[in-house]
Each structure stands twice: as structure tokens, then as C-alpha cells.
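Number of protein chains: 2
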Amino acid sequence: MCIPGFWQQSHYLVTWCGLQIRCTLPLSLHSIMTSPLERLNSVRNHIQPQNQQLSQQPCLAPILGHNPTGPADIAAERAGASFNVEKMKYFWAGGKEEYEITEIAYQIIQRDPDLTTSHFFDQTRPEAREFTMRQIRRAVEVRNNLKDQRLKTALFRCLATYSESFAMRIYVHDLLFRNALNLFGSPEQLAEWQEDIEKFRVLGCFAMTELGHSSFLRGLETTATYDRENDEFIIHSPTLEATKWWIGLAGQTATHTVAICQTIIDSKPHGINWFIVPLRSPTTGRLLPGVTAGDIGAKYGRAGLDNGWIQFTHARIPRTNLLSRWVNVDRDGNYHPAPNPAVMYATLIPERLSIMAGTWMLVGQAVVIAARYGVVRRQGAKDQKIMDYQSHYVKLMPCVAFMYICNITNRLLTTQWSEMSELAQNDIHSYLRKAGDMHAVSAGIKATITWLGADTLERCRRACGGHAYSSYNAIPGIIGDWGVTTTGGGDNIVLLQQTGRYLIGTLHDVAQGRQAAGSAAYLNDAATVLAQPTCVFDNERDWLNIEAVNGVLTWLVVKRLQATATALAASDAWNDHLLSVTRTSELHCHRHLLDLYVAGIREAPVELHAPLLNMGRLYALYVVEGSLDALLEEEYITPKQARVVRDLYIRLCKETRTDAVPLTDAWAFPDFVLKAPIGRADGDIYSAYMETLRAAPGCFGPPPYFEQQIRPLTDPALNGKNEA
Amino acid sequence: MCIPGFWQQSHYLVTWCGLQIRCTLPLSLHSIMTSPLERLNSVRNHIQPQNQQLSQQPCLAPILGHNPTGPADIAAERAGASFNVEKMKYFWAGGKEEYEITEIAYQIIQRDPDLTTSHFFDQTRPEAREFTMRQIRRAVEVRNNLKDQRLKTALFRCLATYSESFAMRIYVHDLLFRNALNLFGSPEQLAEWQEDIEKFRVLGCFAMTELGHSSFLRGLETTATYDRENDEFIIHSPTLEATKWWIGLAGQTATHTVAICQTIIDSKPHGINWFIVPLRSPTTGRLLPGVTAGDIGAKYGRAGLDNGWIQFTHARIPRTNLLSRWVNVDRDGNYHPAPNPAVMYATLIPERLSIMAGTWMLVGQAVVIAARYGVVRRQGAKDQKIMDYQSHYVKLMPCVAFMYICNITNRLLTTQWSEMSELAQNDIHSYLRKAGDMHAVSAGIKATITWLGADTLERCRRACGGHAYSSYNAIPGIIGDWGVTTTGGGDNIVLLQQTGRYLIGTLHDVAQGRQAAGSAAYLNDAATVLAQPTCVFDNERDWLNIEAVNGVLTWLVVKRLQATATALAASDAWNDHLLSVTRTSELHCHRHLLDLYVAGIREAPVELHAPLLNMGRLYALYVVEGSLDALLEEEYITPKQARVVRDLYIRLCKETRTDAVPLTDAWAFPDFVLKAPIGRADGDIYSAYMETLRAAPGCFGPPPYFEQQIRPLTDPALNGKNEA
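Taken in order, these protein sequences are the chains called R and A.
Here UniProt numbering is used: the first residue of the first sequence is 1, the next is one more, and so on.
Here UniProt numbering is used: the first residue of the second sequence is 1, the next is one more, and so on.
Don't read these hints as lab results, they were simulated from the structure.
Among the hints, a few may not be true.
As the list claims (entries may be wrong) - Covered stretches of chain A, going by a simulated chain R footprint (3 or more residues, C-beta under 8 Å): (1) 205-213; (2) 244-255; (3) 466-473; (4) 488-495; (5) 584-598.
In this text, all values refer to a predicted model and were calculated from it rather than measured experimentally.
Here a beta-carbon is modelled for each residue, glycine too, at the ideal position from N, C-alpha and C.
Let the hints inform the model, and build the full structure from the sequences given.
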């Protein structure tokens, strides 16, 4: 198993955000494993999906009257794989080495009672809050004991896969709070805070949204007023609506926050800036004077994340707590603004890109569960696998394709942003030249994929019938956890408008003779594109060529942008074009993702090209199929072409359906991470499901309220059997 | 207030199912109210939406820094109503009397501490289970003390509106268990069980679905084997997959179930039948011998409903527990089958129709919340009401229209089914002649509106931005509660196929010269319809004529049915047409709903016709807009017509938006039922929201786990401040 060069990879990017973590330490294998044999066995445990040790349940004794068909059904699916699943696992993970390190991280987690719980879905809110913090405390401890940086990173990533609440708590501290400091803090501030943050002595949160204000940042009300006499800023929430709201970690945990505030000096406003504000005593956990903060309480999902609210009442902080890499206020109260306001919003870009990885890490789990259940569940007069029904494979296969799009494009965008982050440190002008496009990409893609992710989850839920209504089959929890992504981090409608404004502006620039770059480069050819007013595809092969299909999307985007721009030139009624703009922006994002995907799969081993191409084709046809109304309305395609698209789309779903299990096995989620009996890798779903229920608290009665609430009705002696 | 004839209404139909409850007792006003003045005041409390007593929150003292814009904003919306909202309330409720009785029922509930809870969304699963049973026990007690049958009915209906878990527990006992007995039980059996059921001495559930079998009833495995020697049936679950699953009330509560089983006599199968099987002791709550039953545990929603599972192991019941209205097994074991097997499925029809009322009772609450929030929330550079954004009113107004469709068509279908139920008692042949159509209607409409309901809820959630991620704003709970409707009670894909088969069969019958009736009567004109291959509408007025638009839908349905029938005649590959069939069936249901709606609004006061017509037009255009791809593909409409539809649809959303609040006020949900601070009737949303959070358990820290899980990290003395 020990391949030359295996451990020498020089750096590693955190795939679910990727902004600031580039690590160079070599892995010391022997620091974590006693023998190659042990390691080999551990890997084998994960590779063999039938292995019972991996599942949530202990090895089950045979059950009377239990002769399941699932194991043979799912084995047959695997036997029919059209490609090498091991190779796909490596490609998916970013390489064989990454795959194997991930395996080790999962093993560490699965064995540690502080990192897992056997009653994940039965936790109350207080229990979930505590469990998630316990995971963090323990994960820091475990990490401190590991020698290899890649394994440290994998440990946190795998825990984030195991629990979205863990992911979000770490995300807030590490990728919002710390990131704000990294991007906006001066070298002195970095030196002051970095180690405390790294060691979690400071637990940080990110206070942007307010009760009455969200997507429109300039409308935020919290003030930071300079008090020259004391060389301090006074942080204040002037109204109820100014209460910072939804702030992750603010409910119970955070010792500090970065807060975005309106900066006021000598009664003069200087716009919004970032300030570090202490919230709680690190030794007692009590709120500091001037700070009121409470827990946000019950939510749709993410019960382990203590979202909260914060009111500041003349809280005082040193002047030097203004994050002052780009802006500064000197001792005399002179305000030195940022060279370009755009740098102040940079923190939102990685926040949005990170959701791409969240998609395949979280939504992907639901897709695996639905895919496996689909080939194990049999129903109907012919006792068919439900996956063989047309309605079923057309429902699920585009979801599988969507996950491939997210995984593969995510790497490219992560790399792009990583390079830009270096520019931000070293060459701010080059950074700013690219920032507009990256901002538009991150905003639009965040909106596009979070909506599609929500749709995917609902498809998966319905594909599992009633059994996905059980929390124990994981999908309800994933839906709740995911829900916030469509409204938080910038409302999707608002974000797509930002992308739309960027595209219309770029189209205008091109008309003025300037050159478009990045995701909008295709607008340079706008005139040429529109010169061909109808689609010339005359056979199915054209529709199977991803670049060609992207040409169709290109035409539609350019056409619609042009029409909107013309209409807006006549009357500046932006609001009357909102729906058209947002839909066009979404299409632009799909075509950009397809562009990136085509580039991304070139890096795959040749033997994987066929299935990967099919996933790209399926996604492309999914998008076109959803745009048939617009393409027909614009008379770009004929009704005959529309029928070809529809038939081909369904046929491609049917053809790729035979790889449904292999394609999703490649994502290598262990059973203990999926947690869903009906998504068990070995296909023996019903016994695992039954055992889960029997082990749940309160499974067997009578319930505690029997005497008080039931017996007064059911006991004939108490409920007047002989009365009228 | 006391209008002649007011209390003399001769009967009342339960609107959320309506099958068996026709009540004739007159209301004795003085039995429930001490004086007319008191009653007048109570009604006024409910009519004035600003009244603080109705809200979840106590009257709030002025808050420093709180100068809300919401109250004036929502008042302005009300002032701009284009119609008389009081009149609409009466029409919505089914009459002024019904409206006022509903008010009284709500008052009873709001004042009774056993019927409500101040921490609805903070309940753990065990608390929710207990609370719901407490409501039932108390509701029975309160009901027994009321003299007026209509108020008794209203009490239960209003409690069902307050809590979906209450609704479902009652529904299972009253409308599944009791209904099965009513439909399938012999007169002797009715006499034996009816009073116990009415008094809740017997708490009944309905055991149909099994772990491995659901929509395909013939595949169910549980057996009822006749033991001639003992004159008993032996009920048995032969396999793990035969475990009855998802059975409401089976988890903790039910003393009895009706169970659907394969009837076996002398080793010979006689198909499925219904049996009454005792489950638990009514005095101890313990399981009876031969019965294993447990709680289903954590679910997506409906935490107060104890879904459960049941395994029978040679449980013995008397032969006379076979429900024997239509079938019978005599003492010698001779099986006397039903005259027509269709009667055995009749219980599914009211089950499915009842979801229509569930839509406006439950989904409607989310629509009210979103509508109110939309006009109170301001955002953006111009600080606009978010409802004024194009994306927003186009998102929400079709949801408002959908509720009107459900409420008004629901009455007509309820009446139709009520009449059919009487036929089932008195004229089985007439009943059976109509049963096929009603079955197809109930199946298709159940599927169509539950999907649309799910979509509506997600729209409402997103329309409230991040604040609908809070459980305290009710929408997450409604989404969870609603989720099961799309997969339970028959999977929607399966149901739409049933409707599709019925339609294709009817089309075939028509071609053979037979006459179609009921919902499919329009198929009699199939040939005429198809003889006009293009849409002749040449102006907007045509598209505002609901019947005319229904003609467009008719054309599309007939065209697609015809195409499918032709394709199926050539090759019996039903599976290759599944998607086409389900989509066509959905369209058929929409057009049927529109048909019913047009008939239904004729009963409304003339002054309400304008807003009601607009709701119908909006729904019709919503459906057509979603079918533009198909209409263009079939070349029935031109691209120009498509643009007219799209523009008109958006414009109608914009025009009706001015009535968003009046249209939803008319549904008269009290604040304590909605439970959502952001949906408060008085528009002062933020202070109520803040107070809700401050009152939630565990709002203020430090959390109980501070010493164990947080301090080891944050306390510098414990986390090696001076180490490397």
C-alpha cells in the first residue's frame, strides 16, 4: 500500500473552503499507526461496503422470518458497474493519498466516543448543543496529538461530514471570524490574535446580520463611535432592529465577535467597518458589561449550532480593535479609508464558494441514501426495484450528476480563489481586477446550487417514500440543515441580481469595445452568438456534446441579457425585470459550471472519462430541458428539437441508472456517517431499521403519561361505561 | 349580533373530511355564554386583528429604541382592500354563523391551559406526545360539557388547526379507524363498538402499510388465518417486512387497530380484509399477548403523533372481528366475498379528500405569515416593502390563489362525497357507478395539491428569508408536518398513474361510443377538441377567462392522453410513459379544480366576485405558465401567445398583490394559532420575536456544559497560554 511519493504531496487545500489553509508538513505514518498491516486492514474495512463494523448497528443475529433480498440486489448493481469504482473514489477524493487519509480520519472518529453518538437523531436541542461542543473540544485535543497536517485537516473535514452542526460551528470560528481577521487585520492584529484563535482560547463569531437588516449591508444600524478622550470605540445597538441576529456561536459559546458597524467619528459617518468585540469571560462564560446576548432557540436544523443574538449597549473596546489592514483610525480620530471598498466584502467570496463543497458533502449523503434504497426497495405488481421506474431514475440520476458537477468544479474554483488570495496579499491591483468577476461567480453559483440542492433533497426524500419521513433515515435532518443555505449568506434573489448587474454591465462594456474576462468572457462574442438565431443541431449527437449544449445556453443567456439591457435603457425599471434577470443569471451559472466541469474532468484518468462525461451530459441536458419553454419561445429551437432533447434526457437518465450505485459508492461515505438504515451499504436495510427503532429511547410503553392522559379515557371504570 | 335564523342551520359537515359527520342539534347559546354582551366582546376580540390579547405575547411595554414601521405598513395594506374583508371571512368559513362559532371555539381553546402551551416549538418529542394526548383528553371533557353539536365540531376543527399532531391523532381514531368500521362493519359490529369509539374508551388505529409494502396493497403480507376449531382468526406477521409500519397511534396510545390482512381459510387465500385486533390493555396500557408494538421515534414533523409499528405473533381474535358488512366468513369457514371489490377501498377516498382541507388549514397558515411579513419587512436601497419586489409578489400571490382554490373546491367535493356516502348505504349500484370517477379524482387531486402545497411552503419559507429558519416562526414546523402528505396515503406518482389509467380507459370507452361522466366528462368531446389544433386567443381578455383557459388545458390533456393511448396500443410499455402520464394527470386535476372553482364562487356574494375571479384567473395562468413548454412543443400556442401569458401572469400577480393582506386576513387565523411573531396581525413583529426568544428555555447562559466543554479551551490557564 505504501506507494513511492505517497506522503510527499507538498501542500493541501481545504476543499470545503480552501481559502487560507495551505499546509506543508509531511505525514509521519508511524505516528498514527503501529503497522502497515493494521493500516491495510483499516483501509479494507472501509473499502468493503459489506463490512458490518462500519454500520451504525452491531452485527445482527439472523432474525426469524427475515430473508432479505436487498444484499443480493445491491451486489448485482455493483457487479454491473461500467467503470472502476476504486479509481473513481480516488479521483473524487482528490487522489489516492487523500482518499486513504480520509479513511484514517473516519476511523479515528468512529472509534472515539466523544466524537460520535449512538443517538444522533434523538438528541434534544440542549443535548445537540452540548454534543457538538464536546466534539470540538475533543477534536482540538485529538488534533493536537496528531503529527500530520493533512490528517489534522482531514479529521476536521470528516467531522464536518459527520455533523453539519459541527461543520458550522467550526466554520463560524475558523472561516468567518478568523478569515475576517486574516483579510482585514493588520500584521500587528494578526500577531496579537492568531495563536489564541488557532488554539480555540478565543472562540470567535461573525456579527453581520441584524434583526431588521440583512442583504442590504449599508442599511445596518449598529454603531461604533470613536471616543477620543478614552481612545476607545463605543459599540451600540441603537434600536431593537439593530440587534445582531442569527449569529452562529453567539448563543452560548463565543468569547469574541467581529462586528460590522457604522463607523462614526465626531458625529460623522464613515461607512461600515469590522471591529473585534469581546463578548464573554473566557473563565466564567458570563456576558461582559455592555453586551446582552442570548440563544436563538429552536431552528429548522443545525440544532448543535448555537445561533444567537447580540445587543450592544455602549460596549467599549480599544481603538486598536478596529480591523485595520485597509482602513485605519489614528489616535486623533482621523479616518483613513480603504483604497478600494471592494476589499471589504472579500470575506463573502469564500463563504459562498464553501457552499459548493457543502453540497456534495451534505446533499450528497441524501443522494447516496436514495440511490441505494432505490435498488433495494421493491414494489408493484411485478415486484420491481423502484429505481427501474421511469419516474424514479429521471428523478434521481440528475441529482447524481449534480454532485459530480459540484465536486469537480469546486476544486477549480477553490484553486482560483486560493490564487486570488495570494494576489490579495501581494498584488492588490491584480486582485481587484479579478475580484468583480469572482464576486459575481460566487454570488450566482451560491444561489444556483443552493436552490438546486434544496430541490435535490426533496427529490431524494420523496424517492424514499414514507421511510424518509423517519429522522433515523437522515434525510429530514439534512433538509433542515440545508434550508438556511437558500436564504442565509445573502438571499438568493439578491445574489442573482448582483450577478445579473455584473453581466449586463459587462455586456455594455463589450459594446464599448472593452474586453470581458473570467466567467463572462463569452460575452466578447455576443454579436457573433446572436448572429445565428436558430439552433442547427440535427441529431442526438449534437445534444450529447457538452460544449455544444453550452453553446445553446450561451445563446439564451446572451439573448436574454441583450433584451433586458435594451429594456432597461428605455426605462430604468429594474424591478420589472427581476424574474428575467434572476433566471438568466442562473443559466449563466449553469453554463459556467459546465465550462469548469469540462476542464476539470480532463484531469481524470482516461478510464473514468466515459462515466464522467455522461454525468456532464446529463447535467447539461437537465438544464436545457428546464429551459425548453424559453428556447421555444425565442424560436431558437423547433418543437422537433425540443422532443429530441426531452427523449434524450430521459434516455440518458435510464442509461446512467445502471451505474447509480457505483457512481454514488465512489463518494465513500461510511455507514456511520450516513446514519440511515435504509441507505446501508450492504443492502440489508430492514433489519437495521428495525433495530434502530427498538434501540431508540421510549420505543416501548406504556408512556409516562398513561395514567394522567390515556387511562381516564380508556378505562371503562373511569369513563362511565354504563352512562348515557 | 343575533340574527334571525342564525342558530337554526339544520346540519353541518365537517369540512376537513366531511364523510360521516352530519349533525342536527341546535346551538343553545346560553349554555356557553353568560350574556350577549360577553359574546359580542369575544367576537370583537377576534375580528380586530390588532387586539393584543389574541397574540402569543402579553401586551408589551414600549421598548427603548423601538419605533416600528410595521403597524402602519400593515394598516395601510388593510385600508387599501378592494373588497369587504368581513364578508370574505364569512364566505371562507362557510357562512356568518360558522364564522362566529369558530370564533367561540378558538376562545375556548385559547383560554384553556390544557389545550394550549406557551412553548409549542420548544417541546421535546416526549413532551409533544404527552401534550397532544392531554389536548385530546381535555377536548373530550370540554366537548362532553358543550350542548351544541356545531360547536363541538368546531372545537375539534380549531384544535386541529392549532396543532397538526392533534389533527392527526384524532384523524386516525375518528376518520380512519371509525370510518373503516362505518364503511365495512356490519350493523351488529357498529352496535358493539360505536359508543366505545365515540367516548374514546377504544382508541383505534389503522394498520395498513407494512415495513416492506405500501402503495401496492395486494403485496401486503400480514395474515389472518381461520382456526375453525376455536372459531378464531390468528393474526400473524410472517416476516420482518410484514411489520405494520408508520401506524398512527400505534406507538403509545391505541387500544385497538383495524388491520388489513391476507385472509386464509384452509390454506386458501381469499384476498385482503379488515379485522379489529386489540393491542393494549385499556386499564394498564400494556401490550396484549401476541402483539409487539413500539414507537416509530423521531420524525420530520408531527412530533405529537405517536406513529408506531406492530408485529403480530399468532394473536387470536374472535371470528366476528372480521369487518363483515360486505364480506363474511361463517362458522364453518365459508368465505362470502364482497359483491364488488371496489367497496373495500372506499375508505381511501375521504382520506385523500381530507388533505384538501388540510391544505388551507395548515399550508394556509404559512401563506398568511409570509404575506404579512412581506408587507412589514423593508429592505434594499430604497427601503421598500419586500412584497413590492417582482420576484416576491410572483412568488407569493399564486400561493394565495391556491388556498382559495382549495377552500372553495373542497366544499364541493366534500358535498359530492357526502352524497355518495349516502348512496353507499342505500343504493350500492349507483354508488359503484360513481366510485371510479371519485376514486380517480381523489387520488389525482391528493397528489397534485400535496406537491403544490410543498412547493407553496418552500416559497413561503424563502419569502421570509432567514427568519423562517426559526422554529418560532412556525413555517419549519409546518413544512415538517406537511412532508408526509406527498409520500403517505399513497405515493403521489402511484396515485397519478391511477388517475392516468382511468383517463386513458375513459378515452377508450368514449371512442367505443360510451359516455364519460364526472371529472372526465370533457373527454366526450375529445374529437371536437382536437379538431382545433391551435389556440385562437388573440388578446389578453381571452386569457383572463377561466373557462377559456381551461379550454387550453383541456386541449393539452386530451392531446397528451391521445398520444399516450396510441403509443400504448403499439407497445404496452407503460413504464416508458410514466412521466408523461403523471404530468397529464396533474393537468387534468388542475382543470377539474378550476371547473369546480368556477361553480363554487357562484355561491359567493356578488361583491366578492371580483377578488374571487382574480384568484381563479391567477391560478389558471399559473398552471398555463407552467405548461408553456408543452403548449409550445405541441405548437398549440405561438411564441407570441406564450409571451402574452407570461406578461399577463406577472401583471396579475402585481395587481392582486395590493390585496395580499386582505385576502389572507379573510382566513381569520388568530395569532395564537399562527404562533409566528413575524406573522403577527398587528405588524409589530420584531418586539414579539425578541420577546419569544427571551422567553425560550435556555436563552441565557452560560450553558450547562461550560465547565466541561468550553472552559478547557477558553481558559488560558487550562489551555496552555504559554506553550508553543
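Hint check:
Chain R is given as covering the region 205-213 of chain A, and this holds because 4 residues of the stretch bring a CB closer than 8 Å to a CB of that chain, at least three being needed. Beta-carbon proximity to chain R at under 8 Å applies to 6 residues in the region 244-255 of chain A; the threshold of 3 is reached and the given coverage holds. A count of 6 residues in the region 466-473 of chain A with a Cβ less than 8 Å from any Cβ of chain R is obtained; the coverage claim is therefore met, three being the minimum. Counting residues of the region 488-495 of chain A whose beta carbon lies closer than 8 Å to any beta carbon of chain R gives 4, which meets the minimum of three for the stated coverage.
With 0 residues having a beta carbon nearer than 8 Å to a beta carbon of chain R, the region 584-598 of chain A misses the requirement of three or more and the stated coverage is violated.
The structure shown violates just one earlier hint, number 5.
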